[in-house]
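Engineer: Put together the whole structure using the sequences plus the hints.
Top to bottom, those sequences are chains A and B.
7 is the number of the first residue of the first sequence in our numbering; add one for each residue after it.
10 is the number of the first residue of the second sequence in our numbering; add one for each residue after it.
Source of the hints: derived by calculation from the structure; they are not laboratory data.
C-beta atoms are modelled at their ideal positions from N, C-alpha and C, and glycine is treated no differently.
Be careful, since some hints might not be right.
To be verified - One-sided and incomplete, this derived list gives chain A residues near chain B with beta-carbon spacing under 8 Å:
(1) N59
(2) S95
(3) D119
(4) N135
Unchecked claim - Quick look at which bits of chain B chain A covers, simulated, 3 or more residues with Cβ under 8 Å:
(5) 32-46
(6) 97-111
(7) 143-153
(8) 265-273
(9) 355-361
(10) 385-392
Said to hold, decoys possible - To give a feel for the contact side, a few chain B residues facing chain A, derived at Cβ under 7 Å:
(11) I69
(12) L116
(13) Q305
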Amino acid sequence: MTIRMLLLPVLFLVVFASVRAELDADELMKQSHLALYYAGDDGRTDVTMTIVNKRGKERLREFTMLRLDNEEGGDQKYYTYFRKPSDVSRLTFMVHKSAEANDKRWIYVPSVDLVRPISADDKASSFVNSHFTYEDVSGRHWSEDNHAIVGDSTVDGVPVVVVESTPVEDLSSFTTRRTYIDTSTYLPLREHYYDGDGTLIRVFTAETIETVSDIPTITVRKIEDVQKGGHTIVAFTGIEYNLGIGDDIFTERYLKAPPREYIGR
Amino acid sequence: MKQGARVLLLVIVMAGSISADPYIDGFLQALYGANVSKANPTDNDQTVSETRFQLRFEEIGSRAEMFTRIDFVGDNADSTEFDIEIREAFLRARLGSFDFKIGRQILTWGTGDLIFINDLFAKDYRSFFVGRDDQYLKAPQTAIRAEWYAGPADLTVVWTPSFEPNRLPNGRTLSYFDPLSGTFVGDRPLPTKEPGNSFQESELAVRLARRVGPFAVAGYFYTGFYKNPVGLDPTDPTSPYVYPRLRVYGASLRGTALGGIVWVEGGYYESRDDRTGDNPFIQNSTAAALVGYERQLFENLTVNLQWQGEQILDYETYSLQQQQGGQFARDELAHLVTSRVTRLLYDELIMLSGFVFWSPSDEDIYARASIAYDYSDELTVAVGANLFHGEQPVTQFARFALNDNFWLKLTYGF
Numbered sequence: 007m008t009i010r011m012l013l014l015p016v017l018f019l020v021v022f023a024s025v026r027a028e029l030d031a032d033e034l035m036k037q038s039h040l041a042l043y044y045a046g047d048d049g050r051t052d053v054t055m056t057i058v059n060k061r062g063k064e065r066l067r068e069f070t071m072l073r074l075d076n077e078e079g080g081d082q083k084y085y086t087y088f089r090k091p092s093d094v095s096r097l098t099f100m101v102h103k104s105a106e107a108n109d110k111r112w113i114y115v116p117s118v119d120l121v122r123p124i125s126a127d128d129k130a131s132s133f134v135n136s137h138f139t140y141e142d143v144s145g146r147h148w149s150e151d152n153h154a155i156v157g158d159s160t161v162d163g164v165p166v167v168v169v170e171s172t173p174v175e176d177l178s179s180f181t182t183r184r185t186y187i188d189t190s191t192y193l194p195l196r197e198h199y200y201d202g203d204g205t206l207i208r209v210f211t212a213e214t215i216e217t218v219s220d221i222p223t224i225t226v227r228k229i230e231d232v233q234k235g236g237h238t239i240v241a242f243t244g245i246e247y248n249l250g251i252g253d254d255i256f257t258e259r260y261l262k263a264p265p266r267e268y269i270g271r
Numbered sequence: 010m011k012q013g014a015r016v017l018l019l020v021i022v023m024a025g026s027i028s029a030d031p032y033i034d035g036f037l038q039a040l041y042g043a044n045v046s047k048a049n050p051t052d053n054d055q056t057v058s059e060t061r062f063q064l065r066f067e068e069i070g071s072r073a074e075m076f077t078r079i080d081f082v083g084d085n086a087d088s089t090e091f092d093i094e095i096r097e098a099f100l101r102a103r104l105g106s107f108d109f110k111i112g113r114q115i116l117t118w119g120t121g122d123l124i125f126i127n128d129l130f131a132k133d134y135r136s137f138f139v140g141r142d143d144q145y146l147k148a149p150q151t152a153i154r155a156e157w158y159a160g161p162a163d164l165t166v167v168w169t170p171s172f173e174p175n176r177l178p179n180g181r182t183l184s185y186f187d188p189l190s191g192t193f194v195g196d197r198p199l200p201t202k203e204p205g206n207s208f209q210e211s212e213l214a215v216r217l218a219r220r221v222g223p224f225a226v227a228g229y230f231y232t233g234f235y236k237n238p239v240g241l242d243p244t245d246p247t248s249p250y251v252y253p254r255l256r257v258y259g260a261s262l263r264g265t266a267l268g269g270i271v272w273v274e275g276g277y278y279e280s281r282d283d284r285t286g287d288n289p290f291i292q293n294s295t296a297a298a299l300v301g302y303e304r305q306l307f308e309n310l311t312v313n314l315q316w317q318g319e320q321i322l323d324y325e326t327y328s329l330q331q332q333q334g335g336q337f338a339r340d341e342l343a344h345l346v347t348s349r350v351t352r353l354l355y356d357e358l359i360m361l362s363g364f365v366f367w368s369p370s371d372e373d374i375y376a377r378a379s380i381a382y383d384y385s386d387e388l389t390v391a392v393g394a395n396l397f398h399g400e401q402p403v404t405q406f407a408r409f410a411l412n413d414n415f416w417l418k419l420t421y422g423f
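Structural biologist: Next up, the structure:
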């Protein structure tokens, strides 16, 4: 038996294994995406967002978010009611997130009783001046990237699988991303974003994980802009899942007059 | 607003805020503006010099909620008196598929960006022209709004018992052109006569709206009066300017298309005191349409463009009347082009904003520009300018041509 003949099945195995690994990576990213963005069928949370710029100056945002999953891993609706700062208090914001088409976004400014749609072609733009992008808030669909498992590791003693993802279509916001996925909860504990030169540009960290109604939930998350400096910390409180939030909540009617049963004051 | 109604509203507000633990927030603001035109006939070089304290009270009950927005304001440029303006004081309740909003409130609908065809709710151009916040372009109305959400289209009915006119430059801090005297006036308000308080003189606005694919489609109806004093009563020399009767029928469409937002709106203005166009003292009926498009060109730069056309009906009669009176005659089809540019800089803390209204047919232009910096969550500093120009002093913006001004504003929110 020649070396070549020996190598052939090995090569075959390698190819087969890598295909299997890729399938696993896709499945893993899907599970992770569902765990992070599609927990329960719907949910509400109060959010405190602390934005710290590179000079250490802090800004605070407080809002309440509602979410409804129309389809697991597919269309979703988001409703946001702002409390602070004062100049945006009572302002409401709604997103109809579509797995296929562009998201639709509307804003309601109560001081002028004005509902208006806002153009939403840039998912990488900042959400309320923070280091979180719209995509960080509502999720970048796993099918938009190619994924490969690159190894096992631990984050703070928790075993994780490391997945490397590259966007299917070129992006200006990042070239590759490494996700450190907790193998028991599928939650991403870290995400490292790199540019084309392989330089680390952004880091996502799951700071605190709590179990709410049997659903493991990242209740404190942080995004750090490694290049420019500055970070944003988001803390979730008052989380509730499976409230039975109706589809009609995500319409102009409720944009103008908030559903107090979920929003509270 | 009538003094009695004001006191009553204030009592309601106080009662509401005492009864439980209301949520209170608001802002403190200083705004200074200077007129830059030497020819301006106003007796003050300041367009505004005010301190404003806005308080917002909110109370949410299980069945209804109450919201109040009161401004305590002292404007040295306009008056030595301290003023209390109740911008909003309403009760809101949801009853099944009905939503009600009753009381003093701000109302807006339609698709235009700062141009309005079917939105016949009161505007405050005095505030708009001196640099007050965008929210002050809308003047409050005391009204009942009822919305019904169970039909094939969402129905909104707004009844305003007492006519609420637009607030236009009144010769105090901002001058205006008076076509009767043929001069720019800076020492007295335009002598107007408002409609009375009878049921027949109330305002009714109706909208039917629904979603069709990616578009929000709406139909509108309004019956009331022109919101500006565009009519003349030649029998009354003391207050000859009047608000003629008006009905408006219109429709609009808005949605995402062409990589941005697209909107189209049209309306037929039926001048009910001059249906045939024969009366030279009353505005003819008109038909108006607008088209707009907005998109984010790149991150933090958004641009929009609008065109509005307004056609004067019974034009021959109109142009003959204007010629005989030696007055400027508008083109049969008047064009207005507008554009807004918004640029965010420095982690979106600085906002540069520009808005231009340009009418090639009326040959006038109005440009607004501002820079606002969010120094902190609480403190915002802004500067801006308002510039007017026109060839014929009677046109929409040329009337205010001597009011070029710049302003500085500091706001502390809490």
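Engineer: Hint by hint, say whether it matches the structure.
Structural biologist: Evaluation of the provided hints:
1. N59: holds, 6 Å
2. S95: Holds - the Cβ of S95(A) comes within 8 Å of chain B, reaching about 6 Å at its closest.
3. D119: D119(A) check passes; min Cβ-Cβ to chain B is 4 Å, inside 8 Å.
4. N135: Status holds, d = 5 Å.
5. 32-46: holds (count 4)
6. 97-111: holds (count 4)
7. 143-153: holds (count 4)
8. 265-273: holds (count 4)
9. 355-361: holds (count 3)
10. 385-392: holds (count 4)
11. I69: Holds - the Cβ of I69(B) comes within 7 Å of chain A, reaching about 5 Å at its closest.
12. L116: holds, 5 Å
13. Q305: holds, 5 Å
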